[in-house]
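Participant: Listed here are the chains, written in short residue letters.
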Amino acid sequence: DAGVIQSPRHEVTEMGQEVTLRCKPISGHNSLFWYRQTMMRGLELLIYFNNNVPIDDSGMPEDRFSAKMPNASFSTLKIQPSEPRDSAVYFCASSFSGSGYTFGSGTRLTVV
Amino acid sequence: ELKVEQNPLFLSMQEGKNYTIYCNYSTTSDRLYWYRQDPGKSLESLFVLLSNGAVKQEGRLMASLDTKARLSTLHITAAVHDLSATYFCAAGGGADGLTFGKGTHLIIQP
Numbered sequence: 001d002a003g004v005i006q007s008p009r010h011e012v013t014e015m016g017q018e019v020t021l022r023c024k025p026i027s028g029h030n031s032l033f034w035y036r037q038t039m040m041r042g043l044e045l046l047i048y049f050n051n052n053v054p055i056d057d058s059g060m061p062e063d064r065f066s067a068k069m070p071n072a073s074f075s076t077l078k079i080q081p082s083e084p085r086d087s088a089v090y091f092c093a094s095s096f097s098g099s100g101y102t103f104g105s106g107t108r109l110t111v112v
Numbered sequence: 113e114l115k116v117e118q119n120p121l122f123l124s125m126q127e128g129k130n131y132t133i134y135c136n137y138s139t140t141s142d143r144l145y146w147y148r149q150d151p152g153k154s155l156e157s158l159f160v161l162l163s164n165g166a167v168k169q170e171g172r173l174m175a176s177l178d179t180k181a182r183l184s185t186l187h188i189t190a191a192v193h194d195l196s197a198t199y200f201c202a203a204g205g206g207a208d209g210l211t212f213g214k215g216t217h218l219i220i221q222p
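Read top to bottom, the protein sequences are chains A and B. Every letter in the first sequence is one number past the one before it in the numbering used here, and letter 97, counting from 1, is 97. Every letter in the second sequence is one number past the one before it in the numbering used here, and letter 98, counting from 1, is 210.
Heads up, some of the hints might be wrong.
DSS-like, lysine-lysine: derived pairs with alpha carbons at most 27 Å apart [unchecked claim]: (1) B:Lys168 with A:Lys24; (2) B:Lys168 with A:Lys78; (3) B:Lys129 with B:Lys115; (4) B:Lys214 with A:Lys78; (5) B:Lys168 with A:Lys68.
In silico negatives: residues of chain A with every beta carbon more than 10 Å from chain B [stated by the list, open to error]: (6) Asp56; (7) Asp63; (8) Thr110.
Cβ pair distances, simulated, as ranges [unchecked claim]: (9) A:Glu18 with B:Gln126: 47 to 53 Å; (10) A:Asp57 with B:Ser157: 45 to 51 Å; (11) B:Phe122 with A:Glu44: 18 to 24 Å; (12) B:Glu127 with A:Pro61: 20 to 26 Å; (13) B:Asn130 with A:Ala2: 22 to 28 Å; (14) A:Arg85 with B:Glu127: 38 to 44 Å.
Bear in mind the hints are in silico, worked out from the structure with no lab data behind them. Predicted, not measured: the structure shown is a model, and the values here were computed from it. All residues carry an ideal CB built from backbone N, CA and C; glycine is no exception.
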């Protein structure tokens with residue numbers, strides 16, 4: 001199994017641009033989570049899906065953030081427009097009914 | 113709201129010494145997880161503790177869970193340099209995701 005696959009690994013963009021982060025969960029996992037990691041705030045849960053349905057997006061910081069999961073093998077996290085304070089490492093994780101959580105390699109986002 | 117607190121947040125120790133990292137959580141949690149993160153890397157699962165009194169060991173690391181005290185510990189025995197990393201505990205689980213502590217940045221010096 002290739003694990004949770006995230007792309008891109010690194011993204012540098014200018015303030016105001018749209019950014020899309022991608023995640024492919026482990027096949028057979030029915031839950032998917034997006035986390036953000038910063039030095040100041042640590043690891044924060046942004047949103048999670050169960051069976052492709054968004055369950056709780058209360059961690060999404062602002063309306064500029066949106067996430068979708070059109071099918072069981074793909075999810076996106078979009079930031080539009082991006083701001084410098086969005087700079088962070090964004091992790092995707094997947095799980096089968098909470099029996100264990102596997103994290104992707106993360107996307108390091110820098111907004112200049 | 114579930115809150116998870118770790119201490120210490122920073123730990124510098126010598127090789128060969130023993131030490132313990134503590135993890136407290138605020139409300140009932142099904143499970144307790146420990147992860148390791150190396151600089152610039154992802155989170156690697158170390159232990160999943162499922163019940164009161166659970167103890168798991170892997171090499172020089174041992175984790176335990178006391179659900180009544182809402183406390184988990186990660187004990188390091190005879191530390192070696194390769195164990196230098198940031199260690200996170202996380203509570204919650206099921207389909208609702210995990211709530212993480214701030215992490216313990218561990219440096220082991222020769």
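Participant: Examine each Cβ of chain B, and state whether all of them lie more than 10 Å from the Cβ of Asp63 of chain A.
Facilitator: Asp63 of chain A is indeed farther than 10 Å from all Cβ atoms of chain B, at 21 Å.
Participant: Take a look at whether the Cβ-Cβ distance between Asp57 of chain A and Ser157 of chain B falls inside 45 to 51 Å.
Facilitator: violated (25 Å)
Participant: Between the alpha carbons of Lys168 of chain B and Lys68 of chain A, is the straight-line distance 27 Å or under?
Facilitator: violated (37 Å)
Participant: Measuring from beta carbon to beta carbon, are Glu127 of chain B and Pro61 of chain A in 20 to 26 Å?
Facilitator: violated (41 Å)
Participant: Are the Cα positions of Lys168 of chain B and Lys78 of chain A separated by 27 Å at most?
Facilitator: violated (39 Å)
Participant: CB of Arg85 of chain A to CB of Glu127 of chain B, is that within 38 to 44 Å?
Facilitator: holds (40 Å)
Participant: Honestly, do Phe122 of chain B and Glu44 of chain A meet the 18 to 24 Å range at C-beta?
Facilitator: holds (20 Å)
Participant: Is Lys129 of chain B close enough to Lys115 of chain B, meaning Cα to Cα at most 27 Å?
Facilitator: Judged against 27 Å, a Cα distance of about 30 Å means the pair is violated.
Participant: Does Lys24 of chain A sit within 27 Å of Lys168 of chain B, going by the straight-line distance between their CA atoms?
Facilitator: violated (31 Å)
Participant: Determine whether the non-interface label on Asp56 of chain A survives the test: each CB of chain B must be over 10 Å from its CB.
Facilitator: For Asp56 of chain A, whose nearest Cβ neighbour in chain B is about 7 Å away, the distance does not exceed 10 Å, so it is violated.
Participant: Is the hinted range of 47 to 53 Å satisfied by the C-beta distance from Glu18 of chain A to Gln126 of chain B?
Facilitator: Distance hint for Glu18 of chain A, Gln126 of chain B holds at roughly 49 Å.
Participant: Is it true that the CA of Lys214 of chain B sits at most 27 Å from the CA of Lys78 of chain A?
Facilitator: holds (25 Å)
Taken one by one, the earlier hints fail for this structure at numbers 1, 2, 3, 5, 6, 10, 12 and 13, listed in ascending order.
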